[in-house]
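*Asks:* Sequence:
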Amino acid sequence: MAGSGGLAGGAGGSQGTAGGPGTALRASRAPLLFAVLVLGAYCLCALPGRCPPAGRVPAPALARAEPPRASRSPGAPGLPVASGSGRRRFPQALIVGVKKGGTRALLEFLRLHPDIRALGSEPHFFDRCYERGLAWYRSLMPRTLDGQITLEKTPSYFVTREVPRRIHSMSPATKLIVVVRNPVTRAISDYAQTLSKTPGLPSFGALAFRRGLGPVDTAWSAVRIGLYAQHLDNWLRYFPLSRFLFVSGERLVSDPAGELGRVQDFLGLRRVVTDKHFYFNATKGFPCLKKAQGSGRPRCLGKSKGRPHPRVPEAVVQRLRAFYRPFNRKFYQMTGQDFGWD
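No gaps in the numbering here: position 253 of the sequence shown is 253 in full-length UniProt numbering, and each next residue is one more.
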């Protein structure tokens with residue numbers, strides 16, 4: 001920017017009109033440039049994370065050792081399996097979405113189960129890092145013993161068109177978990193997260209609608225993510241409905257043990273994580289994990305979870321509710337579950 005300003009100044013000086021039309025033109029562009037910078041910053045914050053380097057994701061310690069063995073994964077014939085205690089395997093289950101639905105809470109709750117080994121970070125392999133190859137992807141996974149399940153979560157998978165085909169190519173038997181939440185509340189939460197990183201964003205309503213309260217802007221990711229029926233249509237081209245479990249983000253807060261029971265059943269695991277593991281933290285407004293034996297204190301999710309939402313005018317909320325209603329009803333029909341958002 002500084003370089004372009006210098007060039008413009010030089011051109012103006014050569015004409016001997018330092019206060020002329022060039023100066024006025026630059027002044028008229030200033031508000032436009034500011035708007036572009038703000039929206040650009042928003043887009044950068046909304047993008048998924050970068051690919052993690054191989055070997056940088058820590059693998060939790062194993063409960064017991066297993067002799068080294070050479071084998072091949074059923075999900076990707078021909079790829080060598082890492083040797084050592086346990087094996088690195090492709091995930092048998094993925095939490096594929098949705099952003100701001102409760103995926104982090106679900107992952108942390110599931111990590112209490114001794115038969116689940118979960119990657120803590122979001123690898124973004126199937127949406128951003130696919131060119132690195134399946135061998136690289138598996139190198140990120142924690143080692144597991146026979147009978148344990150490898151799990152990872154990347155919420156942007158659900159809304160990325162190429163992802164279902166790529167996961168199906170890895171293994172059509174993959175189990176898929178989708179955490180969904182009232183799309184209006186989810187969109188506001190998404191906006192609140194971005195606003196905390198990029199102060200000075202336009203208002204929620206200005207981004208959600210074109211021309212005041214005109215048409216809803218489905219190009220905005222915060223709105224587009226909530227079109228669950230459309231995204232599910234894409235997934236059902238590759239996976240039958242039986243491969244999915246849809247978790248209610250609202251019930252994950254009001255009845256975490258109940259939702260965790262459903263997830264453990266879906267994964268074919270014993271119901272180890274139960275109501276004895278949770279307590280409701282009124283300050284944060286969602287469940288926390290009780291103190292485990294031998295640990296210092298109860299464990300809640302980070303400060304970014306449960307952040308207050310900005311005030312959104314009721315007219316904006318009602319317009320969005322009306323917009324999402326037909327999509328919600330189709331989603332209920334597709335999944336056989338009424339999530340009660342209407």
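In case anyone wonders, no lab produced these hints; they're calculated from the structure. None of the values given here were measured: they were computed from a predicted structure. Just to be clear, a hint being listed does not mean it is correct.
[What the hints assert, rightly or not] What follows is a set of in silico ranges between Cβ atoms, one per label pair, in the way DEER data are often shown: (1) A315 <-> G268: 45 to 51 angstroms; (2) G336 <-> E314: 28 to 34 angstroms; (3) R329 <-> P308: 49 to 55 angstroms; (4) P215 <-> L145: 20 to 26 angstroms; (5) P313 <-> D342: 18 to 24 angstroms; (6) P313 <-> L241: 34 to 40 angstroms; (7) R210 <-> G120: 38 to 44 angstroms; (8) K276 <-> G120: 35 to 41 angstroms; (9) R211 <-> R321: 15 to 21 angstroms.
Using N, Cα and C, we set each Cβ at its ideal position, and we do this for glycine too.
*Asks:* Now tell me, hint by hint, if it's right for this structure.
*Replies:* The hints, checked one at a time:
1. A C-beta distance of roughly 47 angstroms is found between A315 and G268, which places it inside the suggested range of 45 to 51 angstroms.
2. Separation of G336 from E314 is about 32 angstroms and conforms to the stated range, judged on CB atoms against 28 to 34 angstroms.
3. The beta-carbon spacing between R329 and P308, approximately 30 angstroms, falls outside the hinted interval of 49 to 55 angstroms.
4. For P215 and L145, the hinted distance range of 20 to 26 angstroms is not satisfied, since their beta carbons lie about 54 angstroms from each other.
5. As the Cβ distance of P313 to D342 is approximately 20 angstroms, the hint placing it in 18 to 24 angstroms holds.
6. In this structure the hint that P313 and L241 lie 34 to 40 angstroms apart at CB holds, the actual value being about 38 angstroms.
7. Checked against the given bound of 38 to 44 angstroms, the beta carbons of R210 and G120, roughly 39 angstroms apart, stay inside it.
8. Checked against the given bound of 35 to 41 angstroms, the beta carbons of K276 and G120, roughly 24 angstroms apart, lie outside it.
9. Between R211 and R321 the Cβ separation comes to about 20 angstroms, which falls inside the hinted range of 15 to 21 angstroms.
The earlier numbered hints that this structure contradicts are 3, 4 and 8.
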